[in-house]
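K.L.:
Make a model of the complete structure from these sequences and hints.
Chains A and B are the protein sequences, given in the same order.
Counting in the working numbering, the first sequence runs from 9 upward without gaps.
Counting in the working numbering, the second sequence runs from 9 upward without gaps.
Rather than coming from a laboratory, the hints here were simulated on the basis of the structure.
A few of these clues could be false.
Derived lysine to aspartate or glutamate pairs resembling DMTMM-like cross-links, with alpha carbons at most 20 Å apart [as the list claims (entries may be wrong)]:
#: 1; chain 1: A; residue 1: 26; chain 2: A; residue 2: 13
#: 2; chain 1: B; residue 1: 26; chain 2: A; residue 2: 13
#: 3; chain 1: A; residue 1: 214; chain 2: A; residue 2: 226
#: 4; chain 1: A; residue 1: 26; chain 2: B; residue 2: 11
#: 5; chain 1: A; residue 1: 269; chain 2: B; residue 2: 247
#: 6; chain 1: B; residue 1: 26; chain 2: A; residue 2: 11
#: 7; chain 1: B; residue 1: 41; chain 2: B; residue 2: 66
#: 8; chain 1: B; residue 1: 230; chain 2: B; residue 2: 314
#: 9; chain 1: B; residue 1: 214; chain 2: B; residue 2: 99
#: 10; chain 1: A; residue 1: 230; chain 2: B; residue 2: 375
Derived CB-CB ranges, DEER-like [as the list claims (entries may be wrong)]:
#: 11; chain 1: B; residue 1: 307; chain 2: A; residue 2: 70; range: 58 to 66 Å
#: 12; chain 1: B; residue 1: 29; chain 2: A; residue 2: 125; range: 30 to 38 Å
#: 13; chain 1: A; residue 1: 137; chain 2: B; residue 2: 383; range: 57 to 65 Å
#: 14; chain 1: B; residue 1: 131; chain 2: A; residue 2: 325; range: 55 to 63 Å
#: 15; chain 1: A; residue 1: 373; chain 2: B; residue 2: 327; range: 55 to 63 Å
#: 16; chain 1: B; residue 1: 307; chain 2: A; residue 2: 270; range: 46 to 54 Å
#: 17; chain 1: A; residue 1: 35; chain 2: B; residue 2: 383; range: 22 to 30 Å
#: 18; chain 1: A; residue 1: 137; chain 2: B; residue 2: 124; range: 37 to 45 Å
#: 19; chain 1: B; residue 1: 124; chain 2: A; residue 2: 125; range: 49 to 57 Å
#: 20; chain 1: A; residue 1: 325; chain 2: B; residue 2: 244; range: 33 to 41 Å
#: 21; chain 1: B; residue 1: 94; chain 2: A; residue 2: 84; range: 53 to 61 Å
A virtual CB, placed ideally from N, CA and C, is assigned to each residue, including glycine.
What follows is the residue order along each chain.
2 protein chains.
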Amino acid sequence: MFDFEFHNPTRVIFGRGKESVIGAELRQGGASKVLLVYGSGSTKRTGLLDRVLGYLSENSIQAVQFGGVVSNPVLSHARRGVEIAKNEKVDAVLAVGGGSVLDEGKAIAVGALASDDIWGYYTGKVPEAALPIYAILTLAATGSEMNGTSVMTNEETKQKYPMKSSAIYPTVSILNPELTYTVPPDYSAYAAVDAVAHVIEGYFTKDGGPVLQDRFVESIIKAVMETSRIFMEEPDNYDARAEFMWAATLALNGLTLTGVKGFSFPNHMIEHSLSAIYNIAHGAGLSIVIPAWMKWYSRSHPRQFERFSQEIFGVSGVGAGIEALESWYRGLHAPVRLGDADIPAADIDMIAANAHDTGVRWGIGDEYPVSAIAEILSLAT
Amino acid sequence: MFDFEFHNPTRVIFGRGKESVIGAELRQGGASKVLLVYGSGSTKRTGLLDRVLGYLSENSIQAVQFGGVVSNPVLSHARRGVEIAKNEKVDAVLAVGGGSVLDEGKAIAVGALASDDIWGYYTGKVPEAALPIYAILTLAATGSEMNGTSVMTNEETKQKYPMKSSAIYPTVSILNPELTYTVPPDYSAYAAVDAVAHVIEGYFTKDGGPVLQDRFVESIIKAVMETSRIFMEEPDNYDARAEFMWAATLALNGLTLTGVKGFSFPNHMIEHSLSAIYNIAHGAGLSIVIPAWMKWYSRSHPRQFERFSQEIFGVSGVGAGIEALESWYRGLHAPVRLGDADIPAADIDMIAANAHDTGVRWGIGDEYPVSAIAEILSLAT
Numbered sequence: 009m010f011d012f013e014f015h016n017p018t019r020v021i022f023g024r025g026k027e028s029v030i031g032a033e034l035r036q037g038g039a040s041k042v043l044l045v046y047g048s049g050s051t052k053r054t055g056l057l058d059r060v061l062g063y064l065s066e067n068s069i070q071a072v073q074f075g076g077v078v079s080n081p082v083l084s085h086a087r088r089g090v091e092i093a094k095n096e097k098v099d100a101v102l103a104v105g106g107g108s109v110l111d112e113g114k115a116i117a118v119g120a121l122a123s124d125d126i127w128g129y130y131t132g133k134v135p136e137a138a139l140p141i142y143a144i145l146t147l148a149a150t151g152s153e154m155n156g157t158s159v160m161t162n163e164e165t166k167q168k169y170p171m172k173s174s175a176i177y178p179t180v181s182i183l184n185p186e187l188t189y190t191v192p193p194d195y196s197a198y199a200a201v202d203a204v205a206h207v208i209e210g211y212f213t214k215d216g217g218p219v220l221q222d223r224f225v226e227s228i229i230k231a232v233m234e235t236s237r238i239f240m241e242e243p244d245n246y247d248a249r250a251e252f253m254w255a256a257t258l259a260l261n262g263l264t265l266t267g268v269k270g271f272s273f274p275n276h277m278i279e280h281s282l283s284a285i286y287n288i289a290h291g292a293g294l295s296i297v298i299p300a301w302m303k304w305y306s307r308s309h310p311r312q313f314e315r316f317s318q319e320i321f322g323v324s325g326v327g328a329g330i331e332a333l334e335s336w337y338r339g340l341h342a343p344v345r346l347g348d349a350d351i352p353a354a355d356i357d358m359i360a361a362n363a364h365d366t367g368v369r370w371g372i373g374d375e376y377p378v379s380a381i382a383e384i385l386s387l388a389t
Numbered sequence: 009m010f011d012f013e014f015h016n017p018t019r020v021i022f023g024r025g026k027e028s029v030i031g032a033e034l035r036q037g038g039a040s041k042v043l044l045v046y047g048s049g050s051t052k053r054t055g056l057l058d059r060v061l062g063y064l065s066e067n068s069i070q071a072v073q074f075g076g077v078v079s080n081p082v083l084s085h086a087r088r089g090v091e092i093a094k095n096e097k098v099d100a101v102l103a104v105g106g107g108s109v110l111d112e113g114k115a116i117a118v119g120a121l122a123s124d125d126i127w128g129y130y131t132g133k134v135p136e137a138a139l140p141i142y143a144i145l146t147l148a149a150t151g152s153e154m155n156g157t158s159v160m161t162n163e164e165t166k167q168k169y170p171m172k173s174s175a176i177y178p179t180v181s182i183l184n185p186e187l188t189y190t191v192p193p194d195y196s197a198y199a200a201v202d203a204v205a206h207v208i209e210g211y212f213t214k215d216g217g218p219v220l221q222d223r224f225v226e227s228i229i230k231a232v233m234e235t236s237r238i239f240m241e242e243p244d245n246y247d248a249r250a251e252f253m254w255a256a257t258l259a260l261n262g263l264t265l266t267g268v269k270g271f272s273f274p275n276h277m278i279e280h281s282l283s284a285i286y287n288i289a290h291g292a293g294l295s296i297v298i299p300a301w302m303k304w305y306s307r308s309h310p311r312q313f314e315r316f317s318q319e320i321f322g323v324s325g326v327g328a329g330i331e332a333l334e335s336w337y338r339g340l341h342a343p344v345r346l347g348d349a350d351i352p353a354a355d356i357d358m359i360a361a362n363a364h365d366t367g368v369r370w371g372i373g374d375e376y377p378v379s380a381i382a383e384i385l386s387l388a389t
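P.N.:
This is the structure:
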């Protein structure tokens with residue numbers, strides 16, 4: 009058990025129809041004019057946006073609309089949001105959407121109080137202040153609703169980097185599982201891939217730590233596997249969507265990493281290059297990278313893989329668990345090879361160089377030289 | 009999965025020697041004069057009190073000492089603390105000790121800002137404000153370090169009741185497992201009993217909810233059982249004390265009850281009467297009550313007991329798990345019958361009447377009439 013600090017101040021309001029309290033929550037929090045950040049079609053199409061505008065106006069809260077956030081949110085769009093937030097003098101950010109919308113909302117909340125460009129906070133500087141962030145989640149996957157992280161893609165430089173700060177934990181996150189009924193099948197599958205990915209990075213790479221955290225991770229993985237099996241068949245199964253939603257939140261809210269040390273996120277490091285370069289869904293990139301990384305990493309670190317095989321799939325041996333995980337991905341129709349996502353094997357060296365740059369920033373550049381990343385990617389061909 | 013709100017703002021600082029940051033934390037939090045609440049002998053004997061006074065003076069924080077908190081803290085003493093806190097105009101409470109010291113610290117923090125008597129907050133009123141509460145934990149068991157609950161005994165009326173409020177979550181709790189090395193064997197054992205008790209109340213009595221929460225509970229129980237086996241033999245085994253300490257905190261910080269509904273705390277209801285009337289350790293009362301309650305409750309609610317037997321002990325059937333739990337208590341030398349704690353069977357009706365009063369307050373008076381509680385207690389003879 010290693011030393012740690014744990015502080016997660018986000019208040020989660022979870023349940024059917026809970027988005028209706030957003031106006032009252034904002035008013036109670038002292039907000040009077042919010043930047044309402046959202047994505048493209050679905051928030052409008054489902055009527056959610058209009059309902060949210062209604063809840064705000066009922067509570068005399070002005071809303072400045074800022075739509076058009078894309079999956080794998082991009083810097084240029086976030087910068088425009090910062091400009092609007094500053095010009096309009098909003099006093100809070102309300103993000104309505106999935107992890108991409110939340111992450112861009114966090115970027116804007118930081119930028120609105122900063123005098124310098126937000127990309128600096130994705131490349132080393134730690135923001136000390138941000139506007140209060142409120143969220144209504146419509147896609148469970150990234151955990152952004154209950155953590156202090158935002159991931160942004162600089163589309164000019166093809167860099168996808170995270171910003172981390174205690175200033176960007178959402179004040180309130182509203183989680184209504186019903187809002188995830190309309191997530192299309194492919195994104196529902198990627199969400200399941202993503203939630204599992206968040207917990208297994210630490211599980212496999214840590215230096216040690218309490219068995220309790222292994223068990224929490226295994227509990228979350230089992231919940232994701234059991235519930236995704238149900239909601240892929242019945243998209244509007246409330247209990248399955250709900251248990252999944254909470255499991256995905258807990259997968260990356262800091263809990264599973266308390267007391268562990270030395271962990272890293274090599275699969276995210278490599279995947280961020282895939283989604284930055286080819287703009288594929290983050291979950292789709294992960295289901296390609298993870299089995300390859302596992303085959304490579306388990307050669308030198310077999311121990312935890314034996315536990316994983318046994319606890320998650322009830323099978324024995326290092327390779328059997330990896331195979332079973334790959335089968336689970338295939339069952340979700342998630343890609344498991346570069347070719348499945350039309351990524352040419354000829355690009356491997358270029359991808360590896362891009363990922364290595366991320367690795368250097370994350371302090372794992374020595375552990376993952378370009379040659380090692382290329383070797384991992386070649387296991388995904 | 010039922011609707012819930014989750015908000016736990018306590019910052020936990022966990023690790024070796026971490027109590028040394030208390031002065032800096034208080035200063036950063038704006039405190040200049042604290043009421044330093046502690047128990048009786050051990051905090052002084054181990055030198056911890058002097059060290060803490062040093063950390064405070066290094067940071068120019070004045071300390072008003074208030075010792076003498078007893079196990080099962082009593083109202084008269086807490087009232088004296090409130091008086092001192094008001095007279096001395098302290099701006100924060102620093103509790104150094106176990107759950108009893110923390111609970112009394114919370115009572116004083118509320119009383120210091122209230123114009124009325126604190127017992128009112130244990131009998132219905134919800135406090136809206138309290139002084140900031142800081143804690144250095146020396147005994148892991150009650151979970152008070154990361155929740156908004158305080159339990160107090162009114163020694164005149166023999167009532168032991170809880171106060172719950174979002175205002176009494178500690179601002180910072182420092183958890184250094186080394187400080188628990190000197191906990192005597194009997195209290196180390198009761199701590200293990202208590203931590204398990206906190207999670208199994210909800211596990212068995214809830215109406216339903218996600219399997220994820222069952223798995224979290226089972227993870228915590230396994231951690232407690234595995235680590236207590238080690239630290240009962242080796243009191244200064246850091247990893248065992250540490251994993252236990254964090255498991256005990258997570259056992260009652262709200263996490264295991266998210267998304268579940270209809271749960272109640274019948275074992276705590278009955279035990280509070282035992283410790284209020286006979287002043288036995290809370291954990292000792294629980295190891296007497298729980299097997300008896302399980303025998304009674306499992307007759308009408310066998311389902312979860314079958315799961316419990318299988319998951320925790322790898323045995324089959326309802327009764328086998330209860331027997332195995334009782335054996336675990338015996339192995340810890342915890343009492344499992346009223347007679348083991350010199351509580352006369354002739355008192356059963358009187359105890360049952362006292363516990364029923366608590367049950368009425370907790371909204372489970374109908375489910376637990378005096379006759380049912382007496383029947384449960386008779387199973388502990």
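K.L.:
Take the hints in turn and mark each one as holding or not.
P.N.:
Against the structure, the hints come out as follows:
Only pairs whose Cα atoms come within 20 Å are accepted, and residue 26 of chain A paired with residue 13 of chain A is rejected, the gap being roughly 31 Å. For the suggested pair residue 26 of chain B and residue 13 of chain A, the alpha carbons sit about 10 Å apart, so the restraint of at most 20 Å is met. Proposed proximity of residue 214 of chain A and residue 226 of chain A is supported: the alpha carbons are some 15 Å apart, at most 20 Å. Our distance criterion of 20 Å between C-alpha atoms is met by residue 26 of chain A and residue 11 of chain B, whose separation comes to about 9 Å.
For the suggested pair residue 269 of chain A and residue 247 of chain B, the alpha carbons sit about 14 Å apart, so the restraint of at most 20 Å is met. Restraint check: the Cα-Cα separation between residue 26 of chain B and residue 11 of chain A comes to about 9 Å, which is no more than 20 Å; the hinted pair holds. Restraint check for residue 41 of chain B and residue 66 of chain B: the C-alpha separation of about 13 Å stays at or below 20 Å, so the hint holds. For the proposed pair residue 230 of chain B and residue 314 of chain B, the alpha carbon gap of about 16 Å is at most 20 Å, so the pair holds.
Distance hint between residue 214 of chain B and residue 99 of chain B is unfulfilled; the C-alpha atoms sit about 40 Å from each other, more than 20 Å. Among the hinted pairs, residue 230 of chain A with residue 375 of chain B is inconsistent with the structure: their alpha-carbon atoms are about 34 Å apart, more than 20 Å. Distance hint check for residue 307 of chain B and residue 70 of chain A: the Cβ-Cβ separation is about 60 Å, which falls inside the suggested range of 58 to 66 Å. Our hint of 30 to 38 Å for residue 29 of chain B and residue 125 of chain A holds, since their Cβ atoms are close to 34 Å apart.
In this structure the hint that residue 137 of chain A and residue 383 of chain B lie 57 to 65 Å apart at CB holds, the actual value being about 60 Å. For the pair residue 131 of chain B and residue 325 of chain A, the beta carbons lie near 60 Å from each other, so the given range of 55 to 63 Å is met. Between residue 373 of chain A and residue 327 of chain B the Cβ separation comes to about 58 Å, which falls inside the hinted range of 55 to 63 Å. Between residue 307 of chain B and residue 270 of chain A the C-beta distance comes to about 49 Å, which sits within the given range of 46 to 54 Å.
At about 51 Å, the beta-carbon gap between residue 35 of chain A and residue 383 of chain B misses the expected band of 22 to 30 Å. Range check, residue 137 of chain A to residue 124 of chain B: Cβ separation about 39 Å, and the 37 to 45 Å hint holds. Range check, residue 124 of chain B to residue 125 of chain A: about 54 Å between beta-carbon atoms, so the 49 to 57 Å window is met. A C-beta distance of roughly 38 Å is found between residue 325 of chain A and residue 244 of chain B, which places it inside the suggested range of 33 to 41 Å.
At roughly 58 Å, the beta-carbon separation of residue 94 of chain B and residue 84 of chain A lies within the given 53 to 61 Å, and the hint holds.
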